[in-house]
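For the record, the sequence lines run as chains A and B. Under full-length UniProt numbering, think of the first position of the first sequence as 1, with each following residue one higher. Under full-length UniProt numbering, think of the first position of the second sequence as 1, with each following residue one higher.
No wet-lab data here; the hints were simulated from the structure. As the structure is a prediction and not an experimental result, all values here were calculated from the model. Certain hints may be false.
Stated by the list, open to error - The list that follows gives simulated cross-link-like pairs (lysine-lysine, DSS-like), each with its CA atoms no further than 25 Å apart:
#	chain 1	residue 1	chain 2	residue 2
1	B	Lys87	A	Lys87
2	A	Lys217	B	Lys217
3	B	Lys217	A	Lys87
4	A	Lys199	B	Lys87
Letter by letter, the chains look like this.
2 protein chains.
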Amino acid sequence: MNTAAGWRHPSTSLYTDHYELTMLQAALHSGAAQRRSVFEAFARRLPEGRRYGVVAGTGRILEGIEHFTFSEDQLDFLARTDVVDAKTIDWLADFRFSGDIYGYAEGEAYFPYSPILIVESSFAEACVLETFVLSVLNHDSAIASAASRMTGAAGGRPCIEMGSRRTHEESAVAAARAAVIGGFWSTSNLEAGYRYGVKTVGTAAHSFTLLHDSEQKAFEAQLASLGVGTTLLADTYDVETAVRTAVDLAGPELGGVRLDSGDLIAQAQWVRKLLDDLGNHHTRITVTSDLDEYAIAALASAPVDSYGVGTELVTGSGAPTASMVYKLVSREGPDGEQVSVAKASKNKISVGGRKYALRRLNQRGAATAEVIGIGHRPFDDGNDRPLLQQFVTNGKLADGWTGDEAVRRAAERHAASMAELPGAVHRLQRGEAAIPTEFEEQP
Amino acid sequence: MNTAAGWRHPSTSLYTDHYELTMLQAALHSGAAQRRSVFEAFARRLPEGRRYGVVAGTGRILEGIEHFTFSEDQLDFLARTDVVDAKTIDWLADFRFSGDIYGYAEGEAYFPYSPILIVESSFAEACVLETFVLSVLNHDSAIASAASRMTGAAGGRPCIEMGSRRTHEESAVAAARAAVIGGFWSTSNLEAGYRYGVKTVGTAAHSFTLLHDSEQKAFEAQLASLGVGTTLLADTYDVETAVRTAVDLAGPELGGVRLDSGDLIAQAQWVRKLLDDLGNHHTRITVTSDLDEYAIAALASAPVDSYGVGTELVTGSGAPTASMVYKLVSREGPDGEQVSVAKASKNKISVGGRKYALRRLNQRGAATAEVIGIGHRPFDDGNDRPLLQQFVTNGKLADGWTGDEAVRRAAERHAASMAELPGAVHRLQRGEAAIPTEFEEQP
Numbered sequence: 001m002n003t004a005a006g007w008r009h010p011s012t013s014l015y016t017d018h019y020e021l022t023m024l025q026a027a028l029h030s031g032a033a034q035r036r037s038v039f040e041a042f043a044r045r046l047p048e049g050r051r052y053g054v055v056a057g058t059g060r061i062l063e064g065i066e067h068f069t070f071s072e073d074q075l076d077f078l079a080r081t082d083v084v085d086a087k088t089i090d091w092l093a094d095f096r097f098s099g100d101i102y103g104y105a106e107g108e109a110y111f112p113y114s115p116i117l118i119v120e121s122s123f124a125e126a127c128v129l130e131t132f133v134l135s136v137l138n139h140d141s142a143i144a145s146a147a148s149r150m151t152g153a154a155g156g157r158p159c160i161e162m163g164s165r166r167t168h169e170e171s172a173v174a175a176a177r178a179a180v181i182g183g184f185w186s187t188s189n190l191e192a193g194y195r196y197g198v199k200t201v202g203t204a205a206h207s208f209t210l211l212h213d214s215e216q217k218a219f220e221a222q223l224a225s226l227g228v229g230t231t232l233l234a235d236t237y238d239v240e241t242a243v244r245t246a247v248d249l250a251g252p253e254l255g256g257v258r259l260d261s262g263d264l265i266a267q268a269q270w271v272r273k274l275l276d277d278l279g280n281h282h283t284r285i286t287v288t289s290d291l292d293e294y295a296i297a298a299l300a301s302a303p304v305d306s307y308g309v310g311t312e313l314v315t316g317s318g319a320p321t322a323s324m325v326y327k328l329v330s331r332e333g334p335d336g337e338q339v340s341v342a343k344a345s346k347n348k349i350s351v352g353g354r355k356y357a358l359r360r361l362n363q364r365g366a367a368t369a370e371v372i373g374i375g376h377r378p379f380d381d382g383n384d385r386p387l388l389q390q391f392v393t394n395g396k397l398a399d400g401w402t403g404d405e406a407v408r409r410a411a412e413r414h415a416a417s418m419a420e421l422p423g424a425v426h427r428l429q430r431g432e433a434a435i436p437t438e439f440e441e442q443p
Numbered sequence: 001m002n003t004a005a006g007w008r009h010p011s012t013s014l015y016t017d018h019y020e021l022t023m024l025q026a027a028l029h030s031g032a033a034q035r036r037s038v039f040e041a042f043a044r045r046l047p048e049g050r051r052y053g054v055v056a057g058t059g060r061i062l063e064g065i066e067h068f069t070f071s072e073d074q075l076d077f078l079a080r081t082d083v084v085d086a087k088t089i090d091w092l093a094d095f096r097f098s099g100d101i102y103g104y105a106e107g108e109a110y111f112p113y114s115p116i117l118i119v120e121s122s123f124a125e126a127c128v129l130e131t132f133v134l135s136v137l138n139h140d141s142a143i144a145s146a147a148s149r150m151t152g153a154a155g156g157r158p159c160i161e162m163g164s165r166r167t168h169e170e171s172a173v174a175a176a177r178a179a180v181i182g183g184f185w186s187t188s189n190l191e192a193g194y195r196y197g198v199k200t201v202g203t204a205a206h207s208f209t210l211l212h213d214s215e216q217k218a219f220e221a222q223l224a225s226l227g228v229g230t231t232l233l234a235d236t237y238d239v240e241t242a243v244r245t246a247v248d249l250a251g252p253e254l255g256g257v258r259l260d261s262g263d264l265i266a267q268a269q270w271v272r273k274l275l276d277d278l279g280n281h282h283t284r285i286t287v288t289s290d291l292d293e294y295a296i297a298a299l300a301s302a303p304v305d306s307y308g309v310g311t312e313l314v315t316g317s318g319a320p321t322a323s324m325v326y327k328l329v330s331r332e333g334p335d336g337e338q339v340s341v342a343k344a345s346k347n348k349i350s351v352g353g354r355k356y357a358l359r360r361l362n363q364r365g366a367a368t369a370e371v372i373g374i375g376h377r378p379f380d381d382g383n384d385r386p387l388l389q390q391f392v393t394n395g396k397l398a399d400g401w402t403g404d405e406a407v408r409r410a411a412e413r414h415a416a417s418m419a420e421l422p423g424a425v426h427r428l429q430r431g432e433a434a435i436p437t438e439f440e441e442q443p
């Protein structure tokens, strides 16, 4: 469960495109609404040049589906604005998802056409979930994917998520959650700490220094209140003066200094030397100025102890959405048999049929391919790892996929999933997916 | 007020970076927390090559500040996780914003250094609002700015916001609101209709066609349920067949067809001719495939009736955040006088001092400059238009800046603000801001 007893999950039912409900109305009218259907969420491609993506948001989807119900007031809105007719309103009034949901666990790496989420239910039930499912997967996976590249570039050094101010206030909470799944150590976002139990950190900004009559007075105030283990921001005026003042006031136990501007590589080097010369061997250096995975990689040789990442993380480092789509791939035909379906639109290829997936591993446990079985489970030679989990059965949520615990487990799973992939996955330059996607047709 | 009687605004108080509260703690300790302070939200630059930005989010900020209070459970979280000390928790328990807020009205164009929001209060009160204020302004203004370029490129043709699935589910609601402020006609997002009274539209997706045993059966079902005025999606299989089937079934009153793939310019031309040849002169053509402002401009000569825009709108068309910052520019000194302040960090220039702003207009009412007075109101030659509105006085919100009404007024204001700017503002290619920003020092 979530840590925050006092947080009330919002209703998710109107996070929905108008056309989902008009389709529902027309399908109720034609009778096709009850046809058993399979919808599949997947990405046709990774963001340009990326080697892999990271699944995130599944836990939030599962939590949200529990709150996907329509209140009297919401139904009154749909009636008042003529979105749908009375029969459809009646159907929505009773709505609770009663189907099955399968998919990749959060934290898992994914590739083009990986069947990331599969919803099996009546057309009606799967259709109304579309917009919400895609909103969450597209946002959260974009952030986790960027986060993973950043933590990969950072090696073992901790990354701190600080981008809340550069994205919508609720996206910020989800971004902090996704960042932790992608390997971040902590976040500045208090709501994420409250709601998901992730670690929050922070000390002070330039305004705190400017508020006081001198930098020295500001540092004195911060040290007196937050203790010598705090991190002092060193670039409001002159960095060298700030570092010397900080050490003078705090002594050898000063926790850290933060650098937020200028040439961070050169600056980290001489600040480290200055700290060491002053005897502050344990005082850490945090850098925080417009970092992305490339800047982090460039700082690998500099004596930096942690990275604070903002804008580029919460905007997906050039890929703010994961381009996932949610497509009907199979539905009941007039004779009650399932029929594979796919549209023929140019440049938007879909593959019909229920999918199964495994990660092909060689004898050393290294991944060599993403194998997708169409309509059947692909052949497993004994080394391979099946990728689909069943999250929901007849509307009932399985344990362990939501709340705080899901975030912790997803972060562990992310590390394991990355360890299994070939080394090329860590290359930051543009290239192909780290492993190929192979379809296996029905034998 | 908001349309949705049943929607409960969430608490906004933990949409806050950890360091805002540790700064508060240290400033309460030093006594500086009570110093009267002026914080200013502004953008140092427009996104690369953009001619202007559009302010959005102010109404959401003002609504959110009403809900910026700390519950027992939230305070317990802050205590339990040692974010701040007991004295700070006590201060937060009583928090209600009691200062003044000024700024640009929503829908107004802005330029580099425009003082978009000014918060005057104790340091403590203004500090804790920082993260929430920036999250909203940075997201909503990024979307409204992209929306405005798109509606400019569309000329008088209606633009429909359909990007909900490509962004976080709550960002999607705010994006729909911001899109309407930037000139969009409607949205697919039902929650935005519920919460802000904006018009919602939609008919059907490819899955609806695939669900039925043939395209003809799907069209029959849609027409039977939604009426002949509906819009039929024409590219699931073959576009020409679909258009002919649609006209056969619906007759001359068919509302519209939607094209979602392929070469939209050529396709719109032959589909228009086909519809006309079949006698369907009033059947509209909507196009919806990965549009941005450039694609919309390229479609200007094609016989298209409306544009549906998704991904590129909700991701800010290459600029997903507006890069606004919130800086302390003035605070009380030890003698009680206000002191202008600004940090000296390299490449991150701030200008100290309380700002005032007007748009300089020539005798024909055309804008020629953004004039920012530092510490005083700039000289107004009688033609000029002051830009700062007072939204909040001693914690009390002025009427007319929140809820549905604010969105409608902001959309009107956006149109008026755009009409005043030089024609260069509509150029899509990269260039300089449409008017220069001029600072006027204290005389």
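I'd like to know which numbered hints this structure contradicts. Please list them from smallest to largest. 1, 2
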